[in-house]
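First to last, the protein sequences are chains A and B. Under my numbering, the first sequence has 12 at position 12, and the numbering climbs by one with no breaks. Under my numbering, the second sequence has 105 at position 105, and the numbering climbs by one with no breaks.
Everything labelled a hint here was simulated from the structure, so no lab data went into it. Each hint should be verified, as a subset may be incorrect.
No distinction is drawn between identical chains; accordingly, a pair holds when it is met within one copy or between any pair of copies.
The list that follows gives simulated cross-link-like pairs (lysine-lysine, BS3-like), each with its CA atoms no further than 27 Å apart [claimed, not checked]:
hint, residue 1, residue 2
1, K81, K139
2, K108, K81
3, K68, K43
4, K60, K24
5, K108, K24
6, K43, K139
7, K24, K136
8, K68, K108
9, K108, K142
10, K81, K60
11, K108, K139
These numbers were taken from a predicted model, which means no experiment stands behind them.
Here are the chains, one letter per residue:
Protein chains: 2
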Amino acid sequence: MQLTAFTDYSLRTLIGLGAVAPEKVTVGELSAAYGISVHHLLKVVTELSALGYVETIRGKAGGARLAKPPEEIRIGELVRKLEPELGVVPCLRTGDAPCVIAPACHLKRVLASATERFLEELDRCTLAELLEPRRKLQKLLKLA
Amino acid sequence: MQLTAFTDYSLRTLIGLGAVAPEKVTVGELSAAYGISVHHLLKVVTELSALGYVETIRGKAGGARLAKPPEEIRIGELVRKLEPELGVVPCLRTGDAPCVIAPACHLKRVLASATERFLEELDRCTLAELLEPRRKLQKLLKLA
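Here chain A stands alone, though its shape is the one from the complex:
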């Protein structure tokens, strides 16, 4: 059972931005820190910006920074937004091939309910809790 790479990169991006907040970080710096391509991180930052988590500043002294306090960023809510199709099996995802037993299958309900438990647990956690110890994170990321 895996989250998408996009969600994984988004979580790491927010941890990186949170570790140096309120300072800015460039996509190049995040790319160097995590070893994730600039190409992927640009997409991630664009999406996080569209969702209101990140603010981007253009120009020579530009970069990205958190658009809200880390205490207000719930991890479950973030995952729900990044993976609207959080179906753990094909029949829970739109557009996938239908399963012949779908009209009589209880598994969909059981799996959807288990996914809800997963997200509820993540909703108990905010980005702020993931930013300690802050100095150590900054050092590991070679930021600030």
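With the hints as your guide, set chain B onto chain A.
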């Protein structure tokens, strides 16, 4: 967030076998019912047999059948066995590239705990609960 196709096929195989238990079903019949290749289903039945969920009978009148009562097959336990590497992000899976912030990252713990909630919910469900209405399942699968 997705379970592997192997787990998906395993769940469908057990529902198929359970729907006609204690009768046998051939891999060819399951393949025709679900539209999943014989090649994949052979692997699935072999693994389910190794795990003690399925019994296979060789020969002309052969086939596969449930090796234990559906009431004794817990879905969470099954998923744990089929996906021992149930890491939702790379750093929770062995052999994957390490993440630079791993020594200071709380996300691993939070995600592992959310995955545990997911499995606990699945442990509340047994295969027996997924086999009703049995006649409808048999009809949809064109079995029995």
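Verification of the hints:
Taking identical chains as interchangeable, the C-alpha atoms of K81 and K139 are never at most 27 Å apart, the minima being 30 Å within one chain and 38 Å between chains. When the C-alpha separation of K108 and K81 is checked against a cutoff of 27 Å, the pair qualifies both within a copy, at 21 Å, and between copies, at 20 Å. In this assembly of identical chains, the alpha carbons of K68 and K43 lie at most 27 Å apart only when taken from the same copy (20 Å versus 49 Å across copies). Taking the closest pair of Cα atoms, K60 and K24 come within 27 Å of each other only inside a single copy of the chain (12 Å); across copies the shortest separation is 70 Å, beyond that limit.
Taking identical chains as interchangeable, the C-alpha atoms of K108 and K24 lie at most 27 Å apart only when they sit on different chains, with a minimum of 25 Å there against 43 Å within one chain. Taking the shortest alpha-carbon separations for K43 and K139, only the intra-copy value of 25 Å comes in at or below 27 Å, while the best inter-copy value is 47 Å. Taking identical chains as interchangeable, the C-alpha atoms of K24 and K136 lie at most 27 Å apart only when both belong to the same chain, with a minimum of 18 Å there against 59 Å between chains. Only between protomers do K68 and K108 lie at most 27 Å apart by alpha-carbon distance; the minimum there is 23 Å, versus 36 Å within a single protomer.
For a Cα distance limit of 27 Å, the shortest separation of K108 from K142 across copies, 21 Å, qualifies, whereas the shortest one inside one copy, 44 Å, does not. Taking identical chains as interchangeable, the C-alpha atoms of K81 and K60 are never at most 27 Å apart, the minima being 31 Å within one chain and 52 Å between chains. For the homomeric pair K108 and K139, the shortest alpha-carbon distance between copies (19 Å) is at most 27 Å, but the shortest distance inside one copy (44 Å) is not.
In this structure, the earlier hints numbered 1, 10 are contradicted, and the remaining ones agree with it.
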